[in-house]
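There are 2 protein chains.
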Amino acid sequence: MTSIGSMRGEAAVSQRTTKSVYEAIVRGIQTGRWLPGGKLPSVREMGELMQVNRLTALKAYRQLAEEGLVEAKYKSGYYVHKHDSKAGVSPQEEQWDYPARSLYVNRSRLSDIHRQQVDFQMSEALIDPNLLPNAYLSNYVKQVFDLYPRVLSTYSTVLGDAELREELAGFFMAQHGISVRPDELLITTGSQQAIDLVSRALAKPGDKALIERPTYSPAIDAFQQQGITLLPVAITPEGYDLDEVERLMKAERPRLFYMNPTFQNPTGYTVPAEQRKRLVELAERYQCLLVEDDVYHDIYFGSPPPPPLFFYDTEGYVLYIRSFSKYVAPGLRISVLAARPALMDAIAPVKALSDNGTPLLNQKIFQHYFFSKRLQEHVAKLRTALELRKAVMENQLSHTGWEWASPDGGLNLWVRLPDDIPVEELLRRALSQSIAFVPGSICDPLGGMNDRIRLSYSYLNETNLAEGIRRLIAIAEEIRAEH
Amino acid sequence: MTSIGSMRGEAAVSQRTTKSVYEAIVRGIQTGRWLPGGKLPSVREMGELMQVNRLTALKAYRQLAEEGLVEAKYKSGYYVHKHDSKAGVSPQEEQWDYPARSLYVNRSRLSDIHRQQVDFQMSEALIDPNLLPNAYLSNYVKQVFDLYPRVLSTYSTVLGDAELREELAGFFMAQHGISVRPDELLITTGSQQAIDLVSRALAKPGDKALIERPTYSPAIDAFQQQGITLLPVAITPEGYDLDEVERLMKAERPRLFYMNPTFQNPTGYTVPAEQRKRLVELAERYQCLLVEDDVYHDIYFGSPPPPPLFFYDTEGYVLYIRSFSKYVAPGLRISVLAARPALMDAIAPVKALSDNGTPLLNQKIFQHYFFSKRLQEHVAKLRTALELRKAVMENQLSHTGWEWASPDGGLNLWVRLPDDIPVEELLRRALSQSIAFVPGSICDPLGGMNDRIRLSYSYLNETNLAEGIRRLIAIAEEIRAEH
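Residue numbers (the numbering used here), protein chains in the order written: chain A, 68 to 550; chain B, 68 to 550.
No lab work stands behind these hints, which were simulated from the structure alone. Be aware that one or more of the hints could be misleading.
Which bits of chain B does chain A cover? Going by a derived footprint, with three or more residues having C-beta under 8 Å, they are [claimed, not checked]:
id : segment
1  : 188–202
2  : 220–231
3  : 343–349
4  : 398–409
Partial list, computed: chain B residues near chain A (C-beta under 10 Å) [as the list claims (entries may be wrong)]:
id : residue
5  : Gly104
6  : Val208
7  : Leu428
Just so we're clear, the structure is a prediction, and the values are computed from it rather than from any experiment. Backbone N, C-alpha and C define an ideal beta-carbon position, used for all residues, glycine too.
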């Protein structure tokens, strides 16, 4: 369990690193970050981006050029080969090659992994249904129908049920001292939808956005799908390098910064309170919106996390996404997006077009459970159960030489594997033995981080978690023995 | 009750028609159809589009030029004035002028109308909750929890619950003899979401799409929001002019044709069976997807409507949107989109990004009610009740001189008002007297049709419906008397 920031030293600049750069470029081309015929970053820039020396970056470019994926132009640099994207595509297939298709590389990769029925599910950051109050909630639902006999024959308004938004406004005041009006709250169908709405409403193709590296991978797709250029900001156990954030805001004038600063997915890191305040100041100075995705706020193991960035915001630069249903009743899919009126005016119409409002039934069930005493008891128990599962996973991993920073909350460990265990090989074999995890490259907007994996400890019970990790380690040892 | 196609004759080319052209252009500029600095259609083209003579179109352009909204360029034509969109916008406001904002004109106009609490609600095509099986359904929901105790702690897959899709595939075979596999079905949160997904997945900015004139107004916004140019196709009680459709497909190569061919919203017209077959052939010939929105299929008053276009499709050119929850439990928000694999491959990832899948609970409630005998009984009763309400509305309107073609199904009358009753004035006064309806211009992709209104007969009971229409007629008489 060491700080990850310092791990990549000179010794790591090896053939393996050339491969990382190579893969990052391929991925960037696949995801549409760099378009056919477009100019690639210079060798120097790529070296800086990937934190490798220039020679390593150059080697990767040369290899790509040899394979015909990129073209070197004399005195100009490297370009994406123009006919590459159509290679091997028949006219019939080309006809169906719709714009969105190729832009969901991360998401579809992730779906492919999640889709597999495995015994040891450590890829989805989903809470074990056994830890949720299913029976209690089912009874509650019956009360909802008694209270609102017409809940099934009524549409919600676009912003969401007025009663629920009023109660949530009260909750934000009570929990965080944040003053927010009900009409500054929008109920969304899960936080995924909130991210999608923000990307559609607040940025246009060609805009730039800062994003954590690594990050929640579907967010990468959501922003890229809008034609937004992503500029990565490294997140470490200490938070961000704020000088770098300021430099980027000043030089690149990004429209927004998508962040997950509390028990971050996938790393579990938390941006400290003093950085939060300064980030809000920077956002105001450079007119960069902060999209704060706060899905794990209540899943802390020690003391509660620092207040959301939204707490420090006075000028309306923070959009705050909070999800609750995840750890109560994920099937309900209820999240809330808080935004000041000028922004809400832009977002609400996109919500209207998307689905005309989240189903009322789900909002009413959520409301009545969420504001019950029972919920607080449940969440307290859930924290204890998850902390225990984390300890089980960490205990199993403790003698492997795998490295991670132990998180104070959330559902995941972000683990660095030793150089001699290739992640893709590990994943392939693990899946064939009914074990699933997320390869780190999916979480990297640059498509690198090929030595990291995300392990979720929230779904399996303690026995299966220990067994799953034991088996995963055995596979890794097997690979090591073979090479 | 006359055919509407023949109503606009020479006599109508009056000052009022100039105003229609004027308003259509203003609306086109507001909605982003024509961008600042962009060239407007020629006087001749505009005359053809609006079915007025050139002099009338010219008058409208001259008036707009006088007011500084458009610019005449010598020997070149008319252009949208460049600084118009920013006029009066302070730098602060401009900063917040996000791309999506101005593109939802129809939708937000409609929302403004729907938002008003009125006693005589004839603007929303929503079924009276008293006609829905609320109590029965509430009991049903309890069974769902007994059957699926973990329904609240489970996510749906992106495509939707496998069991539900299997049953729906069986339903399509049983009802229409359509063979569709469960993996060719996607469950969406209402048909609004299906339209939004299609517009995002299957067309890109600059693409063209055919759309009925008039049409379901949020569809106009959904496609325009994607930067798609809309080409209107008139719908009449006889269907479309197929020669015109073919001419447009051939000349303009539209990516898709969004249509609502059965008891169309807002007109209630139904495209006849023989046209359906030919439309599918045209779609194949010109590789134009047909997006068939079939929300009112089961709400027929005489014999069932012709089979969906989807029934005739063998080559995968039809995407079929079917909504059921509307007339069972609108609060559930369950629709289904059927598309062949090549198209589904493009749509499913957009659904994943949008919300990761429609909530499972809603799907399970819907499934268990929808496939019960009880549903068929309910729908049969509902048809009778709605037909009666339609008759009440038509009876009240029968001596007004207002004109409409009596629909064989659906929830709306599409009414032409006499020239001396300005719709906007009627709406303003109606709303102030707690009566709501939809002005026709909202349903027109060209923003014209200023003499039409849509009256929904589905929400009010017979007494209130008769009273609402009586009062509306009284307001119209009042206006006429004043002018």
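Hints, one by one, checked against the model:
1. 188–202: n = 6 at 8 Å, threshold three: holds.
2. 220–231: Holds: 6 residues of the segment 220–231 of chain B have a Cβ under 8 Å from chain A.
3. 343–349: violated (count 0)
4. 398–409: Contact hint for the segment 398–409 of chain B vs chain A: holds, 4 residues under 8 Å.
5. Gly104: 17 Å, violated
6. Val208: 6 Å, holds
7. Leu428: 5 Å, holds
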